[in-house]
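In UniProt numbering, the protein residues as written are 1 to 323.
Hints in this document: simulated from the structure, not taken from any laboratory. Heads up, a few of these hints could be off.
Stated by the list, open to error - Each pair of labels, with its calculated beta carbon distance range:
hint, residue 1, residue 2, range
1, Gln297, Gln255, 30 to 40 angstroms
2, Leu265, Ala177, 17 to 27 angstroms
3, Glu91, Asn317, 40 to 50 angstroms
4, Ala257, Glu212, 41 to 51 angstroms
5, Pro188, Gly266, 22 to 32 angstroms
6, Arg97, Glu75, 13 to 23 angstroms
7, Lys322, Glu295, 34 to 44 angstroms
What the hints assert, rightly or not - Cross-link-like lysine to aspartate or glutamate pairs, in silico, EDC-like; alpha carbons within 20 angstroms at most:
hint, residue 1, residue 2
8, Lys54, Asp44
9, Lys322, Glu234
10, Lys115, Glu212
11, Lys110, Glu70
12, Lys218, Asp107
13, Lys298, Glu215
Idealized CB from N, CA, C, for every residue including glycine.
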Amino acid sequence: MTISSDVSSPLVVVVGATGIQGGSVIHNLVASDKPYRLRGLTRDASKPAAQKIKELGVDIVSVNISVGNEAAVREAFRGATVVFSVTNFWEHMDVARETAEGKLMVDAAKAVGVKLFIFSGLPPVKKLSGGKYVNVQHFDGKAEIVEYARSQLPTVDVQAGYYMTNLTNPLVALTKAEDGSYLWEQSPSGDPRFPYIDMEHDYGLFVRYAIESPEYNKGGGTIHTYGELVRTSEAAATLERARGLKVAVTKFPGQEAQRAKLEGLGFPPHIVLDFLDSVFMGEFGYYFGLELSEEQQKVRAGLARQPRTFEEFLHENPDFLKA
Numbered sequence: 001m002t003i004s005s006d007v008s009s010p011l012v013v014v015v016g017a018t019g020i021q022g023g024s025v026i027h028n029l030v031a032s033d034k035p036y037r038l039r040g041l042t043r044d045a046s047k048p049a050a051q052k053i054k055e056l057g058v059d060i061v062s063v064n065i066s067v068g069n070e071a072a073v074r075e076a077f078r079g080a081t082v083v084f085s086v087t088n089f090w091e092h093m094d095v096a097r098e099t100a101e102g103k104l105m106v107d108a109a110k111a112v113g114v115k116l117f118i119f120s121g122l123p124p125v126k127k128l129s130g131g132k133y134v135n136v137q138h139f140d141g142k143a144e145i146v147e148y149a150r151s152q153l154p155t156v157d158v159q160a161g162y163y164m165t166n167l168t169n170p171l172v173a174l175t176k177a178e179d180g181s182y183l184w185e186q187s188p189s190g191d192p193r194f195p196y197i198d199m200e201h202d203y204g205l206f207v208r209y210a211i212e213s214p215e216y217n218k219g220g221g222t223i224h225t226y227g228e229l230v231r232t233s234e235a236a237a238t239l240e241r242a243r244g245l246k247v248a249v250t251k252f253p254g255q256e257a258q259r260a261k262l263e264g265l266g267f268p269p270h271i272v273l274d275f276l277d278s279v280f281m282g283e284f285g286y287y288f289g290l291e292l293s294e295e296q297q298k299v300r301a302g303l304a305r306q307p308r309t310f311e312e313f314l315h316e317n318p319d320f321l322k323a
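Could you build all of it, start to finish, from the sequences and the hints given here?
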């Protein structure tokens with residue numbers, strides 16, 4: 001479609017417009033047959049990524065979303081029908097800052113009369129694990145923001161699945177051996193399915209659904225995003241088939257070995273604990289099994305197109321984990 005300039009068209013404000021998730025939201029709304037006015041927020045409107053989005057017809061606004069800059073955030077949100085919001089814990093690794101900035105955006109959206117607030121959240125691990133895992137700050141901080149948002153204005157939580165691109169991050173998954181093969185540590189709780197998603201291509205599909213679906217666009221509900229539910233063993237087989245790579249799935253080295261590795265890489269104590277408690281994914285599942293509900297299957301059936309599988313992602317990105 002051509003982005004609308006008609007003031008009667010809904011205005012969607014996208015936080016982090018030049019980021020992976022925000023960019024995905026913009027591109028998937030541009031692909032919609034419905035008219036939208038789009039405003040993308042970024043810290044630096046002059047950078048090439050922002051200018052590229054501007055060429056699509058998106059209004060680009062520079063704003064620093066931080067405590068103390070509330071007035072500027074309200075102005076950036078002004079006139080919006082919908083706000084898509086995201087926070088980046090890993091930029092600073094400070095959960096207090098993340099929750100403060102998230103709540104700031106909620107307050108700004110409420111103050112200017114936003115009709116629908118969409119947040120990129122994650123499950124509340126401490127709550128859903130019955131208090132067994134209490135250190136997963138990069139999940140629980142986002143869950144706290146969602147809980148606050150729901151108390152203030154109509155909110156949909158569009159939870160971000162497991163980035164397929166994580167497979168190049170040695171902290172998380174594959175590491176390359178000297179002989180050119182790959183080692184892949186299995187979860188400590190066996191071989192569970194992970195909600196793989198091509199985030200850049202497909203996350204915005206689910207946000208578009210939240211905006212356009214009458215079941216969600218008045219607020220309420222959670223959407224669990226993924227392209228395919230994949231076991232580590234299945235992903236390894238796909239890599240061998242699609243890339244010709246030799247991939248050995250190895251057992252989890254144990255908590256103490258993992259702790260030593262993380263400390264050796266210089267991570268602060270709270271991040272070490274965060275990673276260690278992330279073993280909840282093996283025991284309970286990334287989404288605690290909620291992605292299998294009938295409601296979530298209806299979401300998937302209602303998407304404008306189907307998201308990519310892992311094998312399709314590899315086909316579309318030939319340089320990713322190239323042999």
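Exercise. So the hint says 34 to 44 angstroms: do the beta-carbon atoms of Lys322 and Glu295 match that?
Worked result: holds, 39 angstroms
Problem set entry | Hinted pair Lys322 and Glu234, Cα distance within 20 angstroms | holds, 18 angstroms
Problem set entry | Pair hint outcome, Lys110 versus Glu70 [Cα-Cα no greater than 20 angstroms] | Distance of about 12 angstroms is within 20 angstroms: holds.
Problem set entry | Proposed proximity, Glu215 with Lys298 (alpha carbon, max 20 angstroms) | Satisfied, since the Cα-Cα distance of roughly 10 angstroms is no more than 20 angstroms.
For this session: Please work out if Lys115 and Glu212 have their alpha carbons no farther apart than 20 angstroms.
Result: With a Cα-Cα distance of about 13 angstroms, the restraint between Lys115 and Glu212 holds, given a limit of 20 angstroms.
For this session: Kindly confirm whether 17 to 27 angstroms is satisfied by the beta carbon distance between Leu265 and Ala177.
Result: Holds: the Cβ-Cβ distance is about 19 angstroms, inside 17 to 27 angstroms.
Exercise. Does the hinted range 41 to 51 angstroms hold for Ala257 and Glu212 at CB?
Worked result: This hint holds: roughly 47 angstroms between Cβ atoms.
Problem set entry | C-beta pair Glu91, Asn317: status relative to the range 40 to 50 angstroms that was hinted | For Asn317 against Glu91, whose Cβ atoms are near 24 angstroms apart, the range 40 to 50 angstroms is violated.
For this session: Evaluate the given range 22 to 32 angstroms for the C-beta pair formed by Pro188 and Gly266.
Result: Roughly 23 angstroms apart at Cβ, these two residues keep to the hinted range, so it holds.
For this session: Could you see if the CB distance from Gln297 to Gln255 stays within 30 to 40 angstroms?
Result: This hint holds: roughly 35 angstroms between Cβ atoms.
For this session: Please work out if Lys54 and Asp44 have their alpha carbons no farther apart than 20 angstroms.
Result: Judged against 20 angstroms, a Cα distance of about 12 angstroms means the pair holds.
Exercise. Holds or violated: 13 to 23 angstroms for the Cβ distance of Arg97 and Glu75?
Worked result: holds, 22 angstroms
When the structure is compared with the earlier hints, a violation turns up for hint 3 alone.
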